[in-house]
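Chains as they are written, first to last, in the working numbering: chain A, 10 to 126; chain B, 27 to 139.
Check each hint, because a few of them may be wrong.
To be verified - Below, simulated BS3-like cross-link-like pairs (lysine-lysine); rule was C-alpha separation at most 30 Å, straight line:
{"hint": "1", "chain 1": "B", "residue 1": "Lys70", "chain 2": "A", "residue 2": "Lys78"}
{"hint": "2", "chain 1": "A", "residue 1": "Lys67", "chain 2": "B", "residue 2": "Lys83"}
{"hint": "3", "chain 1": "A", "residue 1": "Lys58", "chain 2": "B", "residue 2": "Lys40"}
{"hint": "4", "chain 1": "A", "residue 1": "Lys31", "chain 2": "A", "residue 2": "Lys67"}
{"hint": "5", "chain 1": "B", "residue 1": "Lys35", "chain 2": "B", "residue 2": "Lys70"}
{"hint": "6", "chain 1": "B", "residue 1": "Lys35", "chain 2": "B", "residue 2": "Lys83"}
{"hint": "7", "chain 1": "A", "residue 1": "Lys86", "chain 2": "B", "residue 2": "Lys83"}
{"hint": "8", "chain 1": "B", "residue 1": "Lys70", "chain 2": "A", "residue 2": "Lys31"}
To be verified - Label pairs and their in silico Cβ distance ranges:
{"hint": "9", "chain 1": "A", "residue 1": "Ala10", "chain 2": "B", "residue 2": "Ser95", "range": "39 to 45 Å"}
{"hint": "10", "chain 1": "A", "residue 1": "Glu73", "chain 2": "B", "residue 2": "Gly42", "range": "47 to 53 Å"}
{"hint": "11", "chain 1": "B", "residue 1": "Gln48", "chain 2": "A", "residue 2": "Glu24", "range": "38 to 44 Å"}
{"hint": "12", "chain 1": "B", "residue 1": "Ile41", "chain 2": "A", "residue 2": "Gly71", "range": "27 to 33 Å"}
{"hint": "13", "chain 1": "A", "residue 1": "Ala23", "chain 2": "B", "residue 2": "Phe36", "range": "33 to 39 Å"}
{"hint": "14", "chain 1": "A", "residue 1": "Thr61", "chain 2": "B", "residue 2": "Gly42", "range": "45 to 51 Å"}
{"hint": "15", "chain 1": "B", "residue 1": "Asp52", "chain 2": "A", "residue 2": "Ser12", "range": "32 to 38 Å"}
{"hint": "16", "chain 1": "B", "residue 1": "Gly42", "chain 2": "A", "residue 2": "Asn64", "range": "23 to 29 Å"}
{"hint": "17", "chain 1": "A", "residue 1": "Gln125", "chain 2": "B", "residue 2": "Asp64", "range": "37 to 43 Å"}
If you are wondering where the hints come from, they were derived from the structure by calculation, not from laboratory data.
For each residue, glycine too, the CB sits at the ideal point set by N, CA and C.
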Amino acid sequence: AQSVAQPEDQVNVAEGNPLTVKCTYSVSGNPYLFWYVQYPNRGLQFLLKYITGDNLVKGSYGFEAEFNKSQTSFHLKKPSALVSDSALYFCAVSQSPYGGATNKLIFGTGTLLAVQP
Amino acid sequence: NAGVTQTPKFRILKIGQSMTLQCAQDMNHNYMYWYRQDPGMGLKLIYYSVGAGITDKGEVPNGYNVSRSTTEDFPLRLELAAPSQTSVYFCASSRGTGIYGYTFGSGTRLTVV
Numbered sequence: 010a011q012s013v014a015q016p017e018d019q020v021n022v023a024e025g026n027p028l029t030v031k032c033t034y035s036v037s038g039n040p041y042l043f044w045y046v047q048y049p050n051r052g053l054q055f056l057l058k059y060i061t062g063d064n065l066v067k068g069s070y071g072f073e074a075e076f077n078k079s080q081t082s083f084h085l086k087k088p089s090a091l092v093s094d095s096a097l098y099f100c101a102v103s104q105s106p107y108g109g110a111t112n113k114l115i116f117g118t119g120t121l122l123a124v125q126p
Numbered sequence: 027n028a029g030v031t032q033t034p035k036f037r038i039l040k041i042g043q044s045m046t047l048q049c050a051q052d053m054n055h056n057y058m059y060w061y062r063q064d065p066g067m068g069l070k071l072i073y074y075s076v077g078a079g080i081t082d083k084g085e086v087p088n089g090y091n092v093s094r095s096t097t098e099d100f101p102l103r104l105e106l107a108a109p110s111q112t113s114v115y116f117c118a119s120s121r122g123t124g125i126y127g128y129t130f131g132s133g134t135r136l137t138v139v
């Protein structure tokens, strides 16, 4: 069965420093990977996704993520963190046994990013 | 374009009461989903639908029911509320398979006392 792991419950970073939020996945075929962000008392918002092609994916608000097939990872990164980036970040995966995409996303448990001024 | 609209935003229920969480989308998406979010547990899929008249169970369907009579609406019904159903509930919709990602509503915070 497919699964997603976010090993860090919380990541703390100083404003202006680079940030990384980690995500690893387990699927039996080709993964389709997503990052979502959730601000307090709000729904999840789409940040970026990897379907195929270039391993480095760029998304909203200056975020990017690198797909690494050998390490089964899809870490979220940003070169310079802002206080306004503080939020809960979710990694998600979609995959089918037949190599395509199912209609369901499996979400990780979330990582709280805290950016200190 | 409103996207996915959930009502109510907050609700307190007594044990044994019933309620319906409403979800509506105006993007003509065929796929709709209900998730619950508990602290440290991420999102758990309750029910989903791939089109009007078609619904299926997710990971945690017990205690819930759904219906999908139209493309736009996907209500979630709690028949006999229990404290274990205290959670934040999110509805989402999708254009198709998972490669399109989801659009989420703003959530309903439910407390059962």
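Hint check:
Of the pairs offered as hints, the one joining lysine 70 of chain B and lysine 78 of chain A holds, with about 26 Å between alpha carbons and a cut-off of 30 Å not exceeded. Taking the CA atoms of lysine 67 of chain A and lysine 83 of chain B, the gap is near 34 Å; set against the 30 Å cutoff, the hint is violated. Of the pairs offered as hints, the one joining lysine 58 of chain A and lysine 40 of chain B is violated, with about 41 Å between alpha carbons and a cut-off of 30 Å exceeded. Distance restraint check for lysine 31 of chain A and lysine 67 of chain A: the Cα-Cα separation of roughly 16 Å lies within the 30 Å cut-off, and the hinted pair is therefore satisfied.
Under the criterion of a C-alpha separation no larger than 30 Å, the hint pairing lysine 35 of chain B with lysine 70 of chain B is consistent with the structure, at around 19 Å. For the hint pairing lysine 35 of chain B with lysine 83 of chain B, the CA-to-CA distance comes to about 24 Å; that is within 30 Å, so the pair holds. The suggested pairing of lysine 86 of chain A with lysine 83 of chain B is violated, with an alpha-carbon distance near 35 Å, which exceeds 30 Å. This hinted pair checks out: lysine 70 of chain B and lysine 31 of chain A have alpha carbons roughly 20 Å apart, not beyond 30 Å.
The hint said 39 to 45 Å for the Cβ distance between alanine 10 of chain A and serine 95 of chain B, and at roughly 32 Å that hint is violated. For the hinted restraint 47 to 53 Å between glutamate 73 of chain A and glycine 42 of chain B, the CB-CB distance of approximately 49 Å keeps it satisfied. For the pair glutamine 48 of chain B and glutamate 24 of chain A, the beta carbons lie near 40 Å from each other, so the given range of 38 to 44 Å is met. Our hint of 27 to 33 Å for isoleucine 41 of chain B and glycine 71 of chain A is violated, since their Cβ atoms are close to 46 Å apart.
For the pair alanine 23 of chain A and phenylalanine 36 of chain B, the supplied restraint of 33 to 39 Å holds, since their beta-carbon distance comes to about 35 Å. Restraint check, threonine 61 of chain A to glycine 42 of chain B: a C-beta distance of roughly 50 Å satisfies the suggested window 45 to 51 Å. Between aspartate 52 of chain B and serine 12 of chain A the Cβ separation comes to about 33 Å, which falls inside the hinted range of 32 to 38 Å. Range check, glycine 42 of chain B to asparagine 64 of chain A: about 52 Å between beta-carbon atoms, so the 23 to 29 Å window is missed.
At about 27 Å, the beta-carbon gap between glutamine 125 of chain A and aspartate 64 of chain B misses the expected band of 37 to 43 Å.
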